[in-house]
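2 protein chains.
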Amino acid sequence: MLEYLYPFRTYLIVSGVEKPNVMTADWVVPLSLNPQMLGVAIGHKRHTHFLIKKYGEFVVAVPTLELLKDVWTAGTVSGAKEDKLAKMSLTLIRSRKVKVPSIKECQANIECKVVKDVETGDHTFFIAEIVDATFGDAFAKGKPDLNYKFLLHASFGKRFTTNSKDVFEP
Amino acid sequence: MLEYLYPFRTYLIVSGVEKPNVMTADWVVPLSLNPQMLGVAIGHKRHTHFLIKKYGEFVVAVPTLELLKDVWTAGTVSGAKEDKLAKMSLTLIRSRKVKVPSIKECQANIECKVVKDVETGDHTFFIAEIVDATFGDAFAKGKPDLNYKFLLHASFGKRFTTNSKDVFEP
Chain Y
2 MLEYLYPFRT YLIVSGVEKP NVMTADWVVP LSLNPQMLGV AIGHKRHTHF LIKKYGEFVV
62 AVPTLELLKD VWTAGTVSGA KEDKLAKMSL TLIRSRKVKV PSIKECQANI ECKVVKDVET
122 GDHTFFIAEI VDATFGDAFA KGKPDLNYKF LLHASFGKRF TTNSKDVFEP
Chain G
2 MLEYLYPFRT YLIVSGVEKP NVMTADWVVP LSLNPQMLGV AIGHKRHTHF LIKKYGEFVV
62 AVPTLELLKD VWTAGTVSGA KEDKLAKMSL TLIRSRKVKV PSIKECQANI ECKVVKDVET
122 GDHTFFIAEI VDATFGDAFA KGKPDLNYKF LLHASFGKRF TTNSKDVFEP
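Chains as they are written, first to last, in this note's numbering: chain Y, 2 to 171; chain G, 2 to 171.
Take these hints with a grain of salt, some might be off.
No distinction is drawn between identical chains; accordingly, a pair holds when it is met within one copy or between any pair of copies.
BS3-like cross-link-like pairs, simulated, lysine-lysine; straight-line CA separation at most 30 Å [as the list claims (entries may be wrong)]:
| no. | residue 1 | residue 2 |
| --- | --- | --- |
| 1 | K142 | K70 |
| 2 | K54 | K142 |
| 3 | K98 | K159 |
| 4 | K105 | K70 |
| 5 | K54 | K117 |
| 6 | K166 | K142 |
| 7 | K166 | K114 |
| 8 | K142 | K117 |
| 9 | K144 | K98 |
| 10 | K144 | K46 |
| 11 | K142 | K159 |
| 12 | K20 | K100 |
| 13 | K100 | K55 |
| 14 | K55 | K105 |
Just so you know, these hints were derived from the structure itself, not from any lab.
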């Protein structure tokens with residue numbers, strides 16, 4: 002029944018410090034305007050789960066359609082078992098306020114520090130404060146530029162789509 | 002910095018029983034596959050916040066572009082102060098497993114029972130188990146049909162967009 006919420010935006014979660022990991026996650030949500038907070042639900046068995054628990058920090062990176070191949074790799078290869086980053090074309094760069102790196106090729110990198118985690122069924126929901134962020138041309142005008150093809154997971158599995166370029170005002 | 006997560010899907014939250022209320026919410030997220038759970042962040046001052054706290058149930062309804070005017074009304078008029086439903090063209094119908102009604106014109110109605118709530122800054126995050134759901138033609142094939150124009154909030158404010166019809170496979 003969760004699939005009735007789809008198509009749903011897809012992001013990349015960066016975690017870890019000495020040996021960072023990149024994972025695909027759809028289940029990301031804003032939680033508060035003041036302070037600015039967001040949350041992400043991560044499956045218990047994921048390497049990202051271990052790394053967020055260990056360091057208490059993560060970065061939400063915003064990919065566009067051009068990165069689809071890497072998004073798929075990040076969502077299907079385990080960083081605990083394989084050298085996942087070697088299979089991708091992403092460049093890790095230093096973040097501003099967290100030790101976890103950002104991704105150069107993404108249109109935004111939102112730097113997060115965990116303030117609480119809550120068990121929700123087969124996932125842990127990490128609640129975090131946003132401590133800083135960097136952005137690319139897609140956000141140069143302060144709002145998302147819909148000429149950029151932000152990624153949506155069309156449904157569970159190997160189907161993706163993007164936003165339309167159309168703007169509708171009620 | 003939250004706007005870097007946008008465009009972001011928009012849904013309608015139904016709450017209340019004797020006098021139900023419909024509110025627009027972007028901040029909805031899946032939380033668990035087994036059991037099926039989701040969460041929604043609601044501002045402290047919202048009438049929906051009061052009603053979810055009171056009844057412990059809500060429905061996440063999935064609007065398409067055709068309902069944009071109602072979505073805007075649901076997000077900008079307070080059900081505590083005005084007869085919000087009278088300003089909209091939505092039809093409330095009985096849900097299957099919760100007392101809170103569903104919306105006939107929406108493509109899905111996900112029936113939820115709250116299991117926990119967590120304070121997150123200026124919002125409360127309601128964590129719920131999905132107890133049942135009904136769906137329309139947009140989900141007749143089991144997955145979202147991208148010919149339907151599901152709504153995305155393009156950014157904060159009066160700008161909306163939809164998903165593309167294109168399917169991309171990595």
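If you check each hint against the structure, which ones fail?
When the structure is compared with the hints, numbers 2, 3, 7, 8 turn out to be violated.
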